[in-house]
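> Sequence:
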Amino acid sequence: MPDTLSATDANRRPVIWTVSVTRLARLFREVSPEFDERAQTEAINLGFEDALEEIRRRLRTQRCDAVIAAGSNGAYLKSRLPVPVVLVKPTGFELMSALSRARRMAERVAVVTYQAEHAEFSDFVTSYGLSIEQRSFVTSEDALDAVSELSALGVQAIVGTGMVADFADAAGLRGVLLYSASSARAAFETALEITTATRTLGSRLAEQSRNASGSRRRRGGMAQPQMLGDSETIESIRVRAEHFARTDANVLVCGETGTGKELVARLLHERSDRSRGPLVTVNCGAFAESLFEAELFGHEEGAFTGARRGGRMGLIESAHRGTLFLDEIGELPLALQSRLLRVLEGREVLRVGANRPLSVDVRIVAATNRDLPAMVEGGGFRQDLYYRLNVLRLELPPLRQRSADIALLAGHFLGEVGRDAAVVLTADGLKLLQRYSWPGNVRELRNVLERAYYHGLAVGPGGMITRQVLLDCAPELGAEQPPIVATRGAAAPTENRPSARDLQAVLNRVGGHRGRAAQQLGVSRSTLWRWLRDEPAAQNVPGDTAASRTSSAGW
0 MPDTLSATDA NRRPVIWTVS VTRLARLFRE VSPEFDERAQ TEAINLGFED ALEEIRRRLR
60 TQRCDAVIAA GSNGAYLKSR LPVPVVLVKP TGFELMSALS RARRMAERVA VVTYQAEHAE
120 FSDFVTSYGL SIEQRSFVTS EDALDAVSEL SALGVQAIVG TGMVADFADA AGLRGVLLYS
180 ASSARAAFET ALEITTATRT LGSRLAEQSR NASGSRRRRG GMAQPQMLGD SETIESIRVR
240 AEHFARTDAN VLVCGETGTG KELVARLLHE RSDRSRGPLV TVNCGAFAES LFEAELFGHE
300 EGAFTGARRG GRMGLIESAH RGTLFLDEIG ELPLALQSRL LRVLEGREVL RVGANRPLSV
360 DVRIVAATNR DLPAMVEGGG FRQDLYYRLN VLRLELPPLR QRSADIALLA GHFLGEVGRD
420 AAVVLTADGL KLLQRYSWPG NVRELRNVLE RAYYHGLAVG PGGMITRQVL LDCAPELGAE
480 QPPIVATRGA AAPTENRPSA RDLQAVLNRV GGHRGRAAQQ LGVSRSTLWR WLRDEPAAQN
540 VPGDTAASRT SSAGW
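Quick note: the sequence shown uses numbering that gives the first Met the number 0, first residue 0, plus one each step.
Treat the hints with caution; some may be incorrect.
[What the hints assert, rightly or not] Straight-line C-alpha distance at most 25 Å; calculated SDA-like pairs for lysine to any residue:
(1) K77 - M226
(2) K430 - L391
(3) K77 - E53
(4) K88 - Q400
(5) K77 - R173
(6) K88 - R59
(7) K88 - C472
(8) K88 - A151
(9) K77 - D326
(10) K88 - A74
(11) K88 - T60
(12) K77 - I131
(13) K430 - E449
(14) K430 - Y385
(15) K77 - A105
(16) K430 - T465
(17) K430 - S402
(18) K430 - Q400
(19) K430 - G377
(20) K77 - L51
(21) K77 - A373
(22) K88 - G153
(23) K430 - Y453
(24) K77 - E148
(25) K88 - S179
(26) K430 - C472
Think of the hints as simulated: they come from the structure by calculation, not from any bench.
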């Protein structure tokens, strides 16, 4: 009897896979036994493309509820896997603790972190007069270059991710792992919370599906609870998306930021015959052009300095027999547009440095918040590529044009954040929401309601979201909202692009450090790069020398 109970319990427990090829694997081995009663854990000692292929192979026959990884390896898997990927994130205390360990080993120490430097850490170092170098990396080649540079500067110990620590050891330095058991435990807890929430939501959706009326099915809707709304516009999008999903033609999804373009792409994939294949999402505005070509098309061994041994599969190849979602397609550089066009025309991809193309079977779903026809007319986007992408087209309306759906959306979002708690949006609160212009669309509505929920618990009557609660946590709802007119051939109207003078002022204030400038402006580095590209007058600021840009790893 105990054996039977144990087997049943094992089947019910969440399945979590940990992925690491570095010393982080030892940390996972130490922590995972603490969760044996709550989850089944399994280690995959591979990284990047090798880990991706192994996980996809296992998922054909095995169940996995969440993957835990870290650093660039985790980020690589996060955009390519159909299961949640939880990243191990160190706290500020862990960073200080790791630096303390490094300082006991060596006189000169440095920190190398993934993707972005920490402005707060730089401020801390400056305030206390400490001499600690800081670098960031995106690819493994960047990490290796950073370690080599720091070694040349006389640094003796480096705090960083597992890969960075291994590179430091290989260079004859002392590598100190940034993560600790605490951050690993936190990742396991997050993975368990995600699994619980997913199962709970799945049960709710199944219940909603069983109780749903047959009217929507008779109208041909996709019965996807995520595409909420009873307006004729949304119903029309449901019907068209259902029809488009049954074809294999390329689809162009247009709409302002926050209208749900990625959601539509996911639905087109899930309802298609390609649903068993991968859905690979690529943000065309998130990479520097020099990195994006190798990421998108892959590369052969020796194609460039620091190229991975054995080469690397590109994002297009990884979407083979599935769907490739190209978000922000309007940001794709012209040089790469011509290469993408050849892929669409010949169904072949040529890796960087290769002589022989590889056959690929992918369906393209592209999305943009820009006016591509105007960009074509102005020479910023290839006409032939536009026609290739614009075979089928879905235009997503802004939320201000379907205010009648706000009540349904608000009820859904408050139900999600409140879970089983009874949460009520009062009539005056709903009226306030319906009068607002929502420049951030559905994404902004969800954010405001989540903020209002927690704010209301703190200051208002339990379970009531009133007009005053909304104004207290989101004063912009009460401000006069000018009408938003779509900008033709430019950035999205909701981007709130600052002037060249304002950009220069921010850059001057942070000494030319583009990472900190992006943080102060509340945008990504890729967005700041695009603004600077379009505003040459703001690019040359005091302290923004080539050396400072390299040392800050800004681009």
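> Are the hints correct? Go through all of them and say.
Evaluated hints:
{"no.": "1", "hint": "K77 - M226", "result": "holds (24 Å)"}
{"no.": "2", "hint": "K430 - L391", "result": "violated (36 Å)"}
{"no.": "3", "hint": "K77 - E53", "result": "holds (15 Å)"}
{"no.": "4", "hint": "K88 - Q400", "result": "violated (40 Å)"}
{"no.": "5", "hint": "K77 - R173", "result": "violated (29 Å)"}
{"no.": "6", "hint": "K88 - R59", "result": "violated (29 Å)"}
{"no.": "7", "hint": "K88 - C472", "result": "violated (28 Å)"}
{"no.": "8", "hint": "K88 - A151", "result": "violated (29 Å)"}
{"no.": "9", "hint": "K77 - D326", "result": "holds (16 Å)"}
{"no.": "10", "hint": "K88 - A74", "result": "holds (12 Å)"}
{"no.": "11", "hint": "K88 - T60", "result": "violated (30 Å)"}
{"no.": "12", "hint": "K77 - I131", "result": "violated (31 Å)"}
{"no.": "13", "hint": "K430 - E449", "result": "holds (18 Å)"}
{"no.": "14", "hint": "K430 - Y385", "result": "violated (41 Å)"}
{"no.": "15", "hint": "K77 - A105", "result": "violated (35 Å)"}
{"no.": "16", "hint": "K430 - T465", "result": "holds (10 Å)"}
{"no.": "17", "hint": "K430 - S402", "result": "holds (10 Å)"}
{"no.": "18", "hint": "K430 - Q400", "result": "holds (15 Å)"}
{"no.": "19", "hint": "K430 - G377", "result": "violated (42 Å)"}
{"no.": "20", "hint": "K77 - L51", "result": "holds (10 Å)"}
{"no.": "21", "hint": "K77 - A373", "result": "violated (34 Å)"}
{"no.": "22", "hint": "K88 - G153", "result": "violated (28 Å)"}
{"no.": "23", "hint": "K430 - Y453", "result": "holds (20 Å)"}
{"no.": "24", "hint": "K77 - E148", "result": "violated (29 Å)"}
{"no.": "25", "hint": "K88 - S179", "result": "holds (10 Å)"}
{"no.": "26", "hint": "K430 - C472", "result": "holds (16 Å)"}
Violated hints, in rising order: 2, 4, 5, 6, 7, 8, 11, 12, 14, 15, 19, 21, 22 and 24; the structure is consistent with all others.
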